[in-house]
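> Sequence:
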Amino acid sequence: MGLLDIVPTGVITGDNVKKLFDYAQEHKFAIPAINCTSSSTVNASLEAARDQKTPLIIQFSNGGAAFYAGKGIDNKNQQASILGSIAGAYHVRAVAKHYGIPGKPSASAFALWLALLS
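In full-length UniProt numbering, the protein residues as written are 1 to 118.
In short, the hints are calculated from the structure, not lab data.
Every residue gets a Cβ at the ideal spot worked out from N, C-alpha and C, and that includes glycine.
Capping the alpha-carbon separation at 27 angstroms, the derived lysine-lysine pairs in DSSO-like fashion look like this: (1) K97 to K19; (2) K97 to K18; (3) K97 to K28; (4) K53 to K97; (5) K53 to K18; (6) K53 to K19; (7) K53 to K28; (8) K28 to K18.
The calculated label-pair distances, taken between Cβ atoms and stated as ranges, are: (9) G14 to Y90: 13 to 23 angstroms; (10) H98 to K19: 14 to 24 angstroms; (11) S38 to Q79: 11 to 21 angstroms.
Throw the hints in and build the complete structure from the sequences for me.
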């Protein structure tokens, strides 16, 4: 049974993340986390994962997320980092499924965004 028999393609959450991590542990492989700074780096990461037939974690650091938002936005109070993480998460959710691999967005600023929505 392959990974795509266990979890869907695209962004996964909740129990599917646990299934992915359990599958990786059972089959003795690591899941790479790629720090993305733009839609181009997100797309390149997804293409590479698709070509290698591997899941991945899309990561947005505070600095990478601020860069994603654009240099024209002040990062006072982490504003650009939060906006960039949100924009990046929307982008990942919109395109990841179409690359045919499971993935998980993750980052400190992204986690902050999730906390703000709670």
